[in-house]
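Asker: Here is what each chain is made of, one letter per residue.
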Amino acid sequence: MIEVSQLSKAYGRVTAISDVAFHVDQGEVVGFLGPNGAGKTTTMRILCGCIGATTGTVRIAGHDVLESPKQVKIEVGYLPEQPPLYETMVVRDYIIFAATIKGVANPEQAADRVISQVGLDREVGGQPAASRIIGHLSKGYKQRVGLAQALVHNPAVLVLDEPTSGLDPAQRREIRALLVDLARAENRTVILSTHVLAEVEAICDRVIVIRAGEIVAQDSIDKLRELAGSLTVEVSAPAPELTALLQKIEGVDAVETSDAIKFTVKTLGDVRAEVAKAAASHGLLSLHQEEGLEEIYLRLTGEAE
Amino acid sequence: MRPVLAISRRELESFFATPVGWLCLTGFSIIAGFFFAMMATEFSVQATQAAYNPYVAEQINLNDWLIQPFFANTAVILLLLSPALSMRLFAEDRKQRSLELLLSSPISSFQIVLGKFLGVMGFVTVMLATTLPLTAMLYWLGSPDNGTLLSCYLSTFFLAASFLSVGMLTSAMTENQIVALVTGFGVLLILWVLSWANTIAGPGLGDVLSGLSMLSHIDQLMKGLLHLKDAVYFLTFVGFFLFATTQRVEAYRWR
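Taken in order, these protein sequences are the chains called A and Z. If you count by our numbering, then the first sequence holds residues 10 to 314, one letter each, in order. If you count by our numbering, then the second sequence holds residues 559 to 813, one letter each, in order.
Because the hints were derived from the structure by calculation, they are not lab data. Since the structure is predicted, the reported quantities are computational estimates derived from the model, not experimental observations. Just so you know, not all the hints are guaranteed correct.
Said to hold, decoys possible - Computed cross-link-like contacts, EDC-like style, restricted to lysine to aspartate or glutamate with a CA-CA straight-line distance of at most 20 Å:
| hint | chain 1 | residue 1 | chain 2 | residue 2 |
| --- | --- | --- | --- | --- |
| 1 | A | K257 | A | E283 |
| 2 | A | K79 | A | E12 |
| 3 | A | K257 | A | E243 |
| 4 | A | K148 | A | D177 |
| 5 | Z | K653 | A | E96 |
| 6 | Z | K653 | A | E90 |
| 7 | A | K232 | A | E37 |
| 8 | A | K79 | Z | E808 |
| 9 | A | K286 | A | E250 |
With the hints as extra help, turn the sequences into a complete structure.
Answerer: Now the structure itself:
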């Protein structure tokens, strides 16, 4: 559904992204992770045709973003980090406006459909949110309006740039649930950037990690966990010889222990089976992966130092 | 065309949702009304005096003494107000990041520019419509020449379109509305007084600069004479600035 190859973008002398390449299949929900300034927004804006790439190609639903920008924009719904809202407009009028400029045949009907889809038909301050002026809404509802404009032309691909940024925990939970519905219920392809790893774990099938404009990892969350990590092994009685045994396993980087009962094994891949096998004869009590997605993310993006 | 009309409608409605729009509309109506009252009074005094002098009486008429001066002054009011109307067209969209909605929609940069231009022209039409009661009074008081009146409205409309096309380009150049306002006003002022250059420059360059000035193309129109070269001048002028603004919007994508 989305094919990105050798994508680079330079703003003057500053290179925002370099040789970015990935693909997203139909119906897949992909998390785009990276620290601020890593190039997530630049990549997403190129995907939507808002800005052009310096080099490289982007194909969405078979259309090249450079050669057929209109076709790509019909296929893509984009929610920037700051929703593109006209604060003085009434919500429903704004969505009808968005539908009209996106070429929807019946903008009023499309607006009403999407209003109920994103929950803008709920009462807020005594009247439905859809009848209120956008500037008078809370940040959570403004985010819903932003989502509504991205969805109003029923796109096959949704590109969401930090959709829960700046929301309080309750609003974040609501928007997250909404995103899961939108992605799963209609088998839509979604690519979303976020800093909240719990969100990625809850919503995404796969993760792309970008650092300083370059992709450093892209895989399923489970595979990412396997990329590298740290295991804790506990045995029933002191076993000093286990240190040497564990170090012999391919994929083990280092082994540390203070009492020869509890061992910390730094790994370079998924070696849980081999470690368990080696420790089994020494009275293995427990074995668990210590490093969470957050630690892996921090290490991959160089923010752990 | 539907997206263009949707953008123009949104722009037009946004003027009525902000204090700037109402301020410009009220300011224009009051100042235009004041000028009209002053000129009508002056015309009345001159006409009364002319009653005793048949030679002067022949010279006094509504067209030369009231309609043309009134529209000439209206043009100056528009020169002052137009940058205030056009300053927000792109600068505000860029500042508030709402331009992303337009850029990510399946419409061309020219459609965005044309939609915004038609929207602000719609507002100027509403502004000019507030002078209709004044011109209606002319029919009540005397017999103005329909051709001159229509031509004066047409020339004012052309002028407003020219002013706004310049202002729209300066708005597209910056995120700061005040910078857009000051730059727009500066450029308009230069283009307005360019005709004075032929008194300083030599005959060759002076004629070229004079030909580029709006003032030299408005004189005949205000007298009720529509020359092809004047119509071509204004259409080319507006077309050039709309094209330049379109290029500027395209540059957002490629900067």
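Asker: Hey, K79 of chain A versus E808 of chain Z, does the alpha-carbon distance stay inside 20 Å?
Answerer: Since the Cα atoms of K79 of chain A and E808 of chain Z sit roughly 14 Å apart, the hinted pair holds (cutoff 20 Å).
Asker: Holds or violated: are the alpha carbons of K257 of chain A and E283 of chain A at most 20 Å from each other?
Answerer: 10 Å, holds
Asker: Please work out if K653 of chain Z and E96 of chain A have their alpha carbons no farther apart than 20 Å.
Answerer: 13 Å, holds
Asker: Are the Cα atoms of K653 of chain Z and E90 of chain A separated by 20 Å or less?
Answerer: Distance of about 14 Å is within 20 Å: holds.
Asker: Given the hinted pair K232 of chain A and E37 of chain A, is their alpha-carbon gap at most 20 Å?
Answerer: 16 Å, holds
Asker: Holds or violated: are the alpha carbons of K79 of chain A and E12 of chain A at most 20 Å from each other?
Answerer: At roughly 17 Å apart (the allowed maximum being 20 Å), E12 of chain A and K79 of chain A satisfy the hint.
Asker: Quickly compare the C-alpha distance for K286 of chain A and E250 of chain A to 20 Å and report which way the hint goes.
Answerer: Holds, at about 14 Å.
Asker: For the pair supplied as a hint, K148 of chain A and D177 of chain A, confirm whether the alpha-carbon distance does not exceed 20 Å.
Answerer: Cα-Cα ~9 Å, so holds.
Asker: Taking 20 Å as the top limit, are the C-alpha atoms of K257 of chain A and E243 of chain A close enough?
Answerer: This hinted pair holds, its Cα atoms lying about 18 Å apart.
Violated hints for the displayed structure: none, as all numbered hints are satisfied.
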